[in-house]
Amino acid sequence: MSETGREESFVQPTQGIQRQLRKAVVVGGNRIPFARTGGAYTKSSNQDMLTAALDGLIARFGLQDERIGEVAAGAVLKHSRDFNLTREAVLGSPLAAETPAYDVQQACATGLETVLGLANKIKLGQIDSAIAGGVDSASDAPIAVSEGLREVLLDLNRVKTLPQRLKVLSKLRPKDLAPDAPNTGEPRTGLSMGEHQALTTAQWKITREAQDELAYNSHRNLAAAYDAGFFDDLITPYRGLTRDSNLRPDTSLEKLATLKPVFGKSLGSEATMTAGNSTPLTDGASTVLLASEEWADAHDLPKLAAVIDGEAAAVDFVHGKDGLLMAPVFAVPRLLARNGLTLDDFDFFEIHEAFAGTVLSTLAAWENDEFGRSRLGLEGALGVVDRSKLNVNGSSLAAGHPFAATGGRIVASLAKMLHARGHVDGRPARGLVSICAAGGQGVVAILESH
Amino acid sequence: MSDPGPVVMGDMPSLSKLYVNAAATAARRRLLGTDLGTALPESSHEVRGVKVDVEKLTAYQHLIGEPATDVLPAGFIHALAFPVAMSVMNRDDFPLPLLGMIHLRNSVEQRRAISFAEPLDITASAMNLRGHRSGTQLDMVAEVRSGKGDDVLWRGVSTYLAKGVFLPGIDKQSAHKAAADFRPPNPTALWQLGVDTGRAYAAVSGDFNPIHLSALSAKALGMRRSIAHGMYLAARALADVGAVKGEAFNWEVSFEAPVFLPARVALDITTVQADGGAWERSDYVAWSPKAGRKHFTGSVTVR
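Protein chains in written order, with the working numbering: chain A, 1 to 450; chain B, 1 to 303.
In case anyone wonders, no lab produced these hints; they're calculated from the structure.
Heads up, none of these hints are tricks.
Only pairs whose alpha carbons sit at most 27 angstroms apart, straight line, appear in this in silico DSS-like list of lysine-lysine:
#1 A:255 with A:265
#2 B:51 with A:43
#3 A:121 with A:23
#4 B:56 with A:78
#5 A:303 with A:23
#6 B:56 with A:43
Looking at chain A on its own, in the form it has when it is part of the complex (with noise of 0.2 angstroms):
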């Protein structure tokens, strides 16, 4: 298979029970207010902010006893302790304690994976209802000890004697005593998240008024759509927040052009990513309800959308083939093709603003005749993302992004959309989902009105 080819799909069952797939659709979400980091849940662990948004959920779907297929959701920044979070999650709500959970960690597509994985089990007749959901928190992050400390505790418990626990000891330096604590770092490559799209950014010549424009739709599309209580069922206060905090409702391009860039300031080009067109660091939790159509109408429960298909890719952006965060540009084509559509069969476009310059390098590649030909294996550019489309309800560049919990958001946020615009010239309205993730990653979906 070449890079730009598409999987040989549709395994064709030879013998044995042969299953129609059925439908999996979104019934509804239910997430708590994004806080930035420091502020409103300082003190609130991964666990707590998952049952908060959890509780919210079960409370608006009456969900309390019922015993759900299964539940997935992850962290990105996860204490070693939280090895079970979503079933720790779900024995700490009013679900029936018989329910079923997992936890999924693929960086900040975390939350969309869930989705997926689960809605394919629901397809496949599994499972008849589940949750997926993340949550993040940067102001409660796991702080690790060195790796010279750890080894020395270690080396310290397998020891019986006195004298061997002093001689354990003795290789302690006072440098191991510092701890550990998570960074945005690549592992391969020392760069911080931000540095690594600032040298994408600089690549597709993306400008800084580009940026902040994109940044200023991202708050001023977020503000409207809570003043049109877009939001009212699908977030629950949480500790006396009520809406993000990230949110700048009276921001301007003016205010957003003052800013100093901090991302790319030793790239020879000029330095164009700002703290107001890149993504703050969030603390939040999301979920979104899953289910079959059966057990939908069975519970009497909304069917908002249809999860139709997903794709992951992956880019080599160790050695700067590709840019860290443009793995969904590789990803989307091989969706369309497998489903035979192009960007023009859609009514809505979500892709994640993990910083305003991913995703206009991404629109920018999709655009580009060369790169479509020579990466993508196309006849030419893939297409033009209608602006007008794109992330019309705000998106994380304004909400903020706590790592896994922006997939349910968006995926919560697009399946409400969707029901609303109901059908568009005699067929189902179609909504994208692009989200960008560390280690190259990226992973898309196609979501439809039901």
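Since the structure of chain A is provided, determine the placement of chain B on it from the hints.
This is chain B only, laid out in the frame that chain A set:
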């Protein structure tokens, strides 16, 4: 007896000052031999518009193992109301010595969920002074209302014993019926309580009674080691019952042998379901796996 109306306090009383004052009062009474009287104060004490510190709430929820939702755990409300009750027991006309009183029973009615954002009016009064085979007991009753209405949302009755104090005119209760032999069931949980258990609960509840803080401070008050707070143990049992209890429930606990720290405590929770499978109640019992001695029993019941 006419109701004199509540004494409205401007601010939440400070527990540490109350403890210091209680110690001073005890010393003064011992020196002067003050006649304590045989009646409870008629006045109730009230603090209005109490606001919950969300950081304290989160710390409490983490320590007890309650999900960190915006709903106040029933045991947190007990801790919130405790200084008001203490202020009543600290009054000059309170007939029993506050220090050294033993918490015998606690009974809470959680009538509806209370959000941390609601300002609360908290009232406390002393009632039912009566005899006990080894002293004198009474009930401290706390009631919590939302600042917006008259309905009592939470009501707690804490029964305390002043051991060895016999007031004239108050009959001794007849001898306690012999405790049935306790045969420990298979536990559903085993708690490992470190020596810092009392300090940790003191930090989230504000109850810095010296008998809970360290072996040294406990010895000063005649205990052989520090003991766990009863309401810490009961609150953990309540948390273990879980979300099945819903938003309105009754929660009872009777304390038997104190838990000296450090300790291992075994717990058994038995769930009783109504016809049709709905949760009706959870009964719990905790004991020392080493001594086989019962520490406390209680229940959480649907309202």
